[in-house]
Every structure is written in structure tokens, then in C-alpha cells.
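Chains as they are written, first to last, in the UniProt record's numbering: chain A, 1 to 211; chain B, 1 to 211; chain C, 1 to 211.
Don't take each hint at face value.
Calculated from the model, a selection of chain A residues having no Cβ within reach of chain B, i.e. all distances over 10 Å [stated by the list, open to error]:
{"id": "1", "residue": "Trp-59"}
{"id": "2", "residue": "Ser-115"}
{"id": "3", "residue": "Ala-159"}
{"id": "4", "residue": "Ala-164"}
{"id": "5", "residue": "Leu-171"}
Pair ranges (Cβ atoms, derived) [unchecked claim]:
{"id": "6", "chain 1": "A", "residue 1": "Pro-147", "chain 2": "B", "residue 2": "Leu-180", "range": "50 to 56 Å"}
{"id": "7", "chain 1": "C", "residue 1": "Gly-114", "chain 2": "B", "residue 2": "Tyr-9", "range": "51 to 57 Å"}
{"id": "8", "chain 1": "C", "residue 1": "Tyr-87", "chain 2": "A", "residue 2": "Ser-85", "range": "35 to 41 Å"}
{"id": "9", "chain 1": "B", "residue 1": "Leu-145", "chain 2": "C", "residue 2": "Gly-114", "range": "29 to 35 Å"}
{"id": "10", "chain 1": "B", "residue 1": "Gln-27", "chain 2": "C", "residue 2": "Ala-74", "range": "54 to 60 Å"}
{"id": "11", "chain 1": "B", "residue 1": "Gly-114", "chain 2": "A", "residue 2": "His-81", "range": "39 to 45 Å"}
{"id": "12", "chain 1": "A", "residue 1": "Tyr-191", "chain 2": "C", "residue 2": "Ser-85", "range": "55 to 61 Å"}
{"id": "13", "chain 1": "B", "residue 1": "Asn-62", "chain 2": "C", "residue 2": "Ser-85", "range": "42 to 48 Å"}
{"id": "14", "chain 1": "C", "residue 1": "Ser-85", "chain 2": "A", "residue 2": "Phe-167", "range": "45 to 51 Å"}
Interface residues of chain A toward chain B, partial, derived using beta-carbon atoms under 7 Å [said to hold, decoys possible]:
{"id": "15", "residue": "Gln-27"}
{"id": "16", "residue": "Asp-29"}
{"id": "17", "residue": "Phe-35"}
{"id": "18", "residue": "Leu-93"}
Derived by calculation from the structure, the hints in this document are not laboratory data. Backbone N, C-alpha and C define an ideal beta-carbon position, used for all residues, glycine too.
These are the residues of each chain, in order.
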Amino acid sequence: MSLLSYLDYAGIALFAATGALAASRKQLDMIGFLFFAVVTGLGGGTVRDIVLGRVPVFWVLNPDYILICCAIGAVVFFTAHLVESRYRLLIWLDAIGLSAYCVMGAAKGLAATGSPTIAIVTGTLTASLGGVLRDLLANEPSVLLRPEIYITAALVGAAVFTGANEFGVPLYLASGIGALAAFAIRGGALYFGWTFPTYRHKPGRHPDEVM
Amino acid sequence: MSLLSYLDYAGIALFAATGALAASRKQLDMIGFLFFAVVTGLGGGTVRDIVLGRVPVFWVLNPDYILICCAIGAVVFFTAHLVESRYRLLIWLDAIGLSAYCVMGAAKGLAATGSPTIAIVTGTLTASLGGVLRDLLANEPSVLLRPEIYITAALVGAAVFTGANEFGVPLYLASGIGALAAFAIRGGALYFGWTFPTYRHKPGRHPDEVM
Amino acid sequence: MSLLSYLDYAGIALFAATGALAASRKQLDMIGFLFFAVVTGLGGGTVRDIVLGRVPVFWVLNPDYILICCAIGAVVFFTAHLVESRYRLLIWLDAIGLSAYCVMGAAKGLAATGSPTIAIVTGTLTASLGGVLRDLLANEPSVLLRPEIYITAALVGAAVFTGANEFGVPLYLASGIGALAAFAIRGGALYFGWTFPTYRHKPGRHPDEVM
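Chain A with its partners taken away, still in its complex shape:
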């Protein structure tokens, strides 16, 4: 199995675990765990396949992906209480999943269209949509709205992979450095609290209109 296939399964499995952890934070029942694991694990890749015109989508062609997500949901249901901080575990698993998923997304976008721009966009979308869907369904504040470096990590990972590929770097190496680049940025942001300068409001005449 190639490194890309490993990244594919790793990204899906890790996002599925974050979905199940979100379900544990909401104290759902077993079926709720499975639902969140499936939607979070497969959501980003589903949108990627659809916009690229690769339908039926990947998990319809290979139902193993669904079974993997369900198995992970069940394992988390029975083991999540062993973890000291489920939230910290969730964000770190999410960081590794993001790194794997952004490279896979870029690779599929590149294979389908040959366009580096599309590869970067599908990589970024793929890696961030699973978490966005999870937060939306769990009714938690989306990571999009926190002043954190999240989408940027996916964007850089996808761009590094795509750029390395354009320069003729072998696929397994390009995948590896793309995933590492994404993880270095997201992990650094989590560990050191890195942020970008955010938009600063200079109040106009009606500041009450600016929420």
C-alpha cells in the first residue's frame, strides 16, 4: 500500500475519531457516535469527489470506509472515558487528520484535473470541511471563527505537496513533506499559540452596527 493510501485511511480514521469525541462531549448514544464518526470522517472527501465530478463518491464504491468509521465510533464509545482531556485529544487528532487529508485532497484534485490551483483548493476544502461539518452538527463554535491557524495549515500542506509534485519530486516524498508541513504549522499553532494578525476594527460612525 502506498504512502498516499496510508494518508487516505489515516485522515479518515482520525477525523472519524474526532467526530466520535464530539459525540462524547454531547453525551449522545452509540448511534450518535457512529453518525458523527461517519459524517466527520467522510464529509470532506465526499464534497471533494462531488465537485470534481467523481461520482458515485469513494465510499459508495468502497463501503469499507464506512465500516472503518463505524468501528472507530464504537471504540471511542467504550474508551473515551479513559482519556484525561477528550478535548485536547480531539484537537490533536484533528491536527494529524488535517495533515493527511489535505495531501490526499490535493492528490485527487490533481489527478482529476491536472490543475495546481484546483489541487490546492480541493486539498484545503477536503481537510477543513469535515471539522466544519462536525462543529456545525454538534452546535459548537466553528474552528473557522476562532483566531487560530487552521485552514492555513491545510492550505500550506496542499500547496507544498502540489508544488513538490510540479518540480518532479516523487509522489511518496511529496506526500510526506506536504503532510509534515501541514502538521508543523497546525501543531505549532496549537502548541505555541501562533496566530495571524486578525482584522482590526477601526470604528466608523455607527459602531453599534458592527457586531
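Fit chains B and C to the known structure of chain A by using the hints.
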């Protein structure tokens, strides 16, 4: 018209009615009723068709589905005040719609792929997504986050239909018992207050991190 | 370039600008601006293409659309503070974007299916989904739930374009009057505060159940 076709129209019409009832609870105008009726009635089936690669989706091929949803939205606009408890009506219509929709979704998944796993997943997704979309757009707490048996009913209905089909039970009979199984479970959960054991938090060292 | 192409780019660019303005109201960083610009600018058209079976979707076939949205997101990042009321600017840009997008959506629906009903539905969906997605991701109350004339404007614009087309009016003229009709209604609603009669609750016996 076959029993499956009846279930198809029934599921769509009932979900459209629940969408319009949600619009009535938000005191929207007539167009808001039509929008919620269309999105709730057609949402689940739209996602089902897209992931299966059956595009253009069903209501693009047959616009009658849109007109049915609009007609129901209009009827609800003028009659919802006659109902004593619109919320109770909504959840019971939703229960019947769920039962019809999960069998239809499984039947379409089976027809498109031949895979029982996919049939069960598309049946479950189809039946639950309309209500999830309705709650998301109406900014109400999603049924996903309530400790209720909801997705499970769709899952069982889809599985019973798919299993019966595998064992050679005729289509109309498999459809009927699948829908009845789903309704028995969802109806029982509503009437008797059945729930599953939910995940119970055993606090770790930082309980404030666990929301 | 035809009037339809102008409307296409105009609708996308204006919605991208409203997405970036929403990001400014949430005080996101530059990447957050780009993400909101891309999702709001391209979201409605993406759903339109998918349900019509036109995949890969338009921006995969022509990545310029993505670059336009990113450029607009960057411009807004550096200039939004110059605007006195960013919220007022957002809703007026949204009104013009809505007018352009509903005609484009109807034109694409008509070209793909030949059905006036589908044309009106895709026009309405296309024009309203970008804003709905933006509000959902930004965790702001959706325009759907406000007693405002919004979807109606998109519906009328799409219907006027489609009707004019059916009566043999040349394409550029039909596009123009469709867009003007939509803008007249949405602009009037914003300027004069027009609303439709909303659903009025006549309380039943359990008013506490009716939220």
C-alpha cells in the same frame, strides 16, 4: 403505482409538511413556508442521488416533486393555526416521513450499487438529513443532539428492508415491513419515551474542558 | 463578453465581497477572509451545477473564479475599515449579487433541462444559498429567518427572466429585466422596509409548546 412509489411521495410530502410547520413556528411569510417545505422535503433525497452519482437529481428530472412540496407549504400556511400543538404534529409527521423515506433511500441505494451496506447507509442518510437540514436552517437544536431514538429507527427500517430483500422477500412486502419497523421504533420512542444508554462522562482531571 | 457573462462574474464577485465583509465582522485573519469569500461567492453556483448534473462544477473547469474570489477577499481585508457601515454595504452588495445570480442560475437551469420550473428553482436556490451558507458558517441569524423579502426577490427575478425567455425576448434583454426586477424588489424591501404578511400564531391550548 407501486408501494415504493407511494412511500416515495409520502416521505417527501410529510417532510415538506414538517418543514412548513417549522416555518410556522418561526412566523415566516408564505415564501419562507415554501422554501422550508422544498428544502426539507427534497434535501435528503438530493444528497442520496448526488453521492450515488444519479445526477441530475430526481426533482430536476421530474419537477412535480417541487410543485407537491410548494402545494403542501401553501396548505400549511393557511391551516397550521387549526392545529392544537403544531410541534406534536411536526414530530409525528416526521416519524411517518422517516419510515417512508428510509425504505425509499435503501431501495435506491440497492438499485444503484447492489451493495447492502450502501443501501443501509443511503436509507439512513436520506431519512435523517431532511430533518437535520430543517433544524439547521431554522436554528433549532438538531434532533441529532437530543437523547432520542431517531437515526436508529431509520437505520433499522433500512436494514429490515435490505435484509428482507436479500432473503428474496417480494419488493412490496419488504418495503412494507421495513417502513413498519422504522415507525414502530420511532413511534415507540416518541410515545413511551424510549432511549438508549447515552455516553456517561467519568470526569478526568480537567472537567471544565469537557463541555 | 455577453451580458450573461457579466452577470455571472458580477454575482460571484459581489457575493465574495459580502463573505469577506462577514469575515471582517467576525475579526478573522486574512485566510478567513479568503475562505468566506470563496464559499459565499461560489457556494450557490456549486450546488446548482451539482443538482443539474453539471460536474465537475464550473470553478473546477475554470479556476479563474477562485482567484477572483481570493482577490476580492484580499482587497476587502485591506479596505473594509474605510467603510462607514460594513453591514449596510454587505446587504446592498448582497442585493445586487442576488439580482445577478438569480438570472444566471435560471439561465443555466434552462440550458441544462429546458424546464421553466427547474429554471426558476435553480435561479432561486443559486441566488439564496450563498448568503445562507455565509450566515450559517459565520454563526449569524440567517436571512431566511428574518421577516424580509429576500428569497422572493430571487424568485421573481428568475421567473421574469424565464418567462421573458419563453415569450421569445432576446437573451440579453431577458437577463437585464430579470436582474432589474429582482433588484427592484430586494432594494425596495431594504429601502422602504417592505415585508409580506407573516404567519400569525393563534394560540392553541398549549402555547408553551409553540416556540
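For each hint, the structure was consulted:
1. Trp-59: At about 8 Å from chain B, Trp-59 (chain A) fails to clear the 10 Å cut-off, so the statement is violated.
2. Ser-115: Since the minimum Cβ distance to chain B is about 22 Å, Ser-115 (chain A) lies beyond 10 Å and the statement holds.
3. Ala-159: holds, 28 Å
4. Ala-164: holds, 32 Å
5. Leu-171: At roughly 27 Å from the nearest Cβ of chain B, Leu-171 (chain A) sits farther out than 10 Å, so the non-interface label holds.
6. A:Pro-147 with B:Leu-180: 50 to 56 Å: About 52 Å separates the Cβ atoms of Pro-147 (chain A) and Leu-180 (chain B), which means 50 to 56 Å holds.
7. C:Gly-114 with B:Tyr-9: 51 to 57 Å: Between Gly-114 (chain C) and Tyr-9 (chain B), where Cβ atoms are some 24 Å apart, the hint is violated.
8. C:Tyr-87 with A:Ser-85: 35 to 41 Å: holds, 38 Å
9. B:Leu-145 with C:Gly-114: 29 to 35 Å: violated, 43 Å
10. B:Gln-27 with C:Ala-74: 54 to 60 Å: violated, 40 Å
11. B:Gly-114 with A:His-81: 39 to 45 Å: holds, 40 Å
12. A:Tyr-191 with C:Ser-85: 55 to 61 Å: Given about 40 Å between the Cβ atoms, the range is violated.
13. B:Asn-62 with C:Ser-85: 42 to 48 Å: Since the Cβ atoms of Asn-62 (chain B) and Ser-85 (chain C) sit about 46 Å apart, the hinted range of 42 to 48 Å holds.
14. C:Ser-85 with A:Phe-167: 45 to 51 Å: holds, 47 Å
15. Gln-27: Hint holds; Gln-27 (chain A) Cβ to chain B Cβ min 5 Å, cut 7 Å.
16. Asp-29: holds, 4 Å
17. Phe-35: Check passed: Cβ of Phe-35 (chain A) comes within 5 Å of chain B, closer than 7 Å.
18. Leu-93: violated, 15 Å
Figure legend: structure checked against the earlier numbered hints; hints not met, in rising order: 1, 7, 9, 10, 12, 18.
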